[in-house]
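Asker: If you're matching them up, the sequences are chains G and B in order. Quick note on numbering: the first sequence equals residues 50 to 221 in the working numbering. Quick note on numbering: the second sequence equals residues 50 to 221 in the working numbering.
It is possible that part of the hints are untrue.
What the hints assert, rightly or not - Dumping the calculated SDA-like pairs for lysine to any residue here, alpha-carbon to alpha-carbon at most 25 Å:
id, chain 1, residue 1, chain 2, residue 2
1, G, Lys132, G, Gln79
2, G, Lys86, B, Arg137
3, G, Lys209, B, Thr188
4, B, Lys173, G, Val195
5, G, Lys209, G, Glu113
6, G, Lys209, G, Asp185
7, B, Lys83, B, His191
8, G, Lys173, G, Val195
9, B, Lys132, G, Leu114
10, B, Lys173, G, Phe184
11, B, Lys132, G, Gln79
12, G, Lys209, G, Leu103
13, B, Lys86, B, Thr100
14, G, Lys115, B, Glu140
15, G, Lys173, B, Leu139
16, G, Lys86, G, Leu103
17, G, Lys209, G, Gln82
18, G, Lys209, B, His191
19, B, Lys115, G, Leu114
20, B, Lys132, G, Arg87
21, B, Lys173, G, Gln82
22, G, Lys115, B, Ala213
23, B, Lys86, G, Ser131
24, G, Lys173, G, Gln202
25, B, Lys115, G, Leu139
26, B, Lys132, B, Thr100
27, G, Lys209, B, Lys115
28, B, Lys132, B, Arg161
29, G, Lys132, B, Val90
30, G, Lys209, B, Arg137
31, B, Lys83, B, Ser205
Said to hold, decoys possible - Here are some chain G residues pointing at chain B (derived, C-beta under 10 Å):
id, residue
32, Phe133
33, Val181
34, Pro187
35, Phe212
Said to hold, decoys possible - If you want a taste of the chain B side facing chain G, the calculated C-beta under 7 Å gives, among others:
id, residue
36, Lys115
37, Glu136
38, Gly180
39, Phe184
40, Thr188
Hints in this document: simulated from the structure, not taken from any laboratory. Ideal Cβ placement from N, Cα and C applies to all residues, glycine included.
2 protein chains.
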Amino acid sequence: MNEKNIASHNASPSPDSVSPALTPMEEALQEAQKAGKRGEVPVGAVLLGPTGELLARSGNRIVELKDPTAHAEILVLREGASKFGSERLLECDLYVTLEPCTMCAGAISFARIRRLYFGADDPKGGGVENGVRFFDQPTCHHRPDVYGGICAQEASHLLKDFFAARRGDPRA
Amino acid sequence: MNEKNIASHNASPSPDSVSPALTPMEEALQEAQKAGKRGEVPVGAVLLGPTGELLARSGNRIVELKDPTAHAEILVLREGASKFGSERLLECDLYVTLEPCTMCAGAISFARIRRLYFGADDPKGGGVENGVRFFDQPTCHHRPDVYGGICAQEASHLLKDFFAARRGDPRA
């Protein structure tokens, strides 16, 4: 998966969807930043409906909600499905700043997400291009189109800075 | 994994935890039955705290809540964590009537569940003994003790009857 596959998805969306000045992944990065300021691992997600309308946006809220499942992806899938009026988010697209974990990959498949765009790779905890590679498995019954590496440097820097600061690293 | 590993866990719990007449897995089976009557795939789960106290019980509520993540396991983990006051359910045990899927296996690991007891195997969608076998993977950072096959026949019959009825099978 490389940047050339996703160039067209970095174009600004129409003004009536998300903020006209930002791409969906840039919106997701803003959510990641806000999550980091709340003391959460800085990961953000944005869910768009079939015509590019914003259904939900969130960062991680695991500590805030005392909920082990409150990853950014899970939160936007739940909120989006509620707004969409169905547990199946047909023709909806998910943007997330970090490669989804195994739990979130499962949820994305159940939600029938059409396209998944993600930022940084996650060799230690990812479940899409790393780890269990869930979408390639016979027990996965719906596979979204996957586009990785979008704004990956920004997403990765946010995470590195967050963990360096948590370790008390003076360079953070 | 076979029945002999889990015989002691079929004993009735103390009266001040769940119903004195039922084991935790029998309580989970009741939740599965109730889910089936609501039109949900009949899977149920019960979460016990460190001293065997009931933290949460639920069946699937995917259709009811319009939430693709509303598997019985996810619902009891979320409710239990809220009651427990932490996103980490240390020393808590989860009973579920069907082998958890990939999504739920990920959630169980994040929640730091101590022991997972499950009923029927799920070759098509399971993620513990089948499929991605998440707890055996390097990207899994907490593995519960796992005991499968508990009340497996009852759990399996509930599922078979449910799907037969949905297909309009006259034997259901």
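Asker: With reference to the structure, classify each hint as holding or not holding.
Answerer: Evaluation of the provided hints:
{"no.": "1", "hint": "Lys132/G x Gln79/G", "verdict": "holds, 22 Å"}
{"no.": "2", "hint": "Lys86/G x Arg137/B", "verdict": "holds, 21 Å"}
{"no.": "3", "hint": "Lys209/G x Thr188/B", "verdict": "holds, 19 Å"}
{"no.": "4", "hint": "Lys173/B x Val195/G", "verdict": "holds, 23 Å"}
{"no.": "5", "hint": "Lys209/G x Glu113/G", "verdict": "holds, 21 Å"}
{"no.": "6", "hint": "Lys209/G x Asp185/G", "verdict": "violated, 29 Å"}
{"no.": "7", "hint": "Lys83/B x His191/B", "verdict": "violated, 31 Å"}
{"no.": "8", "hint": "Lys173/G x Val195/G", "verdict": "holds, 19 Å"}
{"no.": "9", "hint": "Lys132/B x Leu114/G", "verdict": "holds, 11 Å"}
{"no.": "10", "hint": "Lys173/B x Phe184/G", "verdict": "holds, 14 Å"}
{"no.": "11", "hint": "Lys132/B x Gln79/G", "verdict": "violated, 31 Å"}
{"no.": "12", "hint": "Lys209/G x Leu103/G", "verdict": "violated, 28 Å"}
{"no.": "13", "hint": "Lys86/B x Thr100/B", "verdict": "violated, 32 Å"}
{"no.": "14", "hint": "Lys115/G x Glu140/B", "verdict": "holds, 16 Å"}
{"no.": "15", "hint": "Lys173/G x Leu139/B", "verdict": "holds, 22 Å"}
{"no.": "16", "hint": "Lys86/G x Leu103/G", "verdict": "holds, 23 Å"}
{"no.": "17", "hint": "Lys209/G x Gln82/G", "verdict": "holds, 12 Å"}
{"no.": "18", "hint": "Lys209/G x His191/B", "verdict": "holds, 23 Å"}
{"no.": "19", "hint": "Lys115/B x Leu114/G", "verdict": "holds, 20 Å"}
{"no.": "20", "hint": "Lys132/B x Arg87/G", "verdict": "holds, 22 Å"}
{"no.": "21", "hint": "Lys173/B x Gln82/G", "verdict": "violated, 39 Å"}
{"no.": "22", "hint": "Lys115/G x Ala213/B", "verdict": "violated, 39 Å"}
{"no.": "23", "hint": "Lys86/B x Ser131/G", "verdict": "holds, 22 Å"}
{"no.": "24", "hint": "Lys173/G x Gln202/G", "verdict": "holds, 17 Å"}
{"no.": "25", "hint": "Lys115/B x Leu139/G", "verdict": "holds, 13 Å"}
{"no.": "26", "hint": "Lys132/B x Thr100/B", "verdict": "holds, 14 Å"}
{"no.": "27", "hint": "Lys209/G x Lys115/B", "verdict": "violated, 36 Å"}
{"no.": "28", "hint": "Lys132/B x Arg161/B", "verdict": "holds, 15 Å"}
{"no.": "29", "hint": "Lys132/G x Val90/B", "verdict": "holds, 23 Å"}
{"no.": "30", "hint": "Lys209/G x Arg137/B", "verdict": "holds, 24 Å"}
{"no.": "31", "hint": "Lys83/B x Ser205/B", "verdict": "holds, 15 Å"}
{"no.": "32", "hint": "Phe133", "verdict": "holds, 8 Å"}
{"no.": "33", "hint": "Val181", "verdict": "holds, 4 Å"}
{"no.": "34", "hint": "Pro187", "verdict": "holds, 7 Å"}
{"no.": "35", "hint": "Phe212", "verdict": "violated, 15 Å"}
{"no.": "36", "hint": "Lys115", "verdict": "holds, 5 Å"}
{"no.": "37", "hint": "Glu136", "verdict": "holds, 5 Å"}
{"no.": "38", "hint": "Gly180", "verdict": "holds, 3 Å"}
{"no.": "39", "hint": "Phe184", "verdict": "violated, 10 Å"}
{"no.": "40", "hint": "Thr188", "verdict": "holds, 3 Å"}
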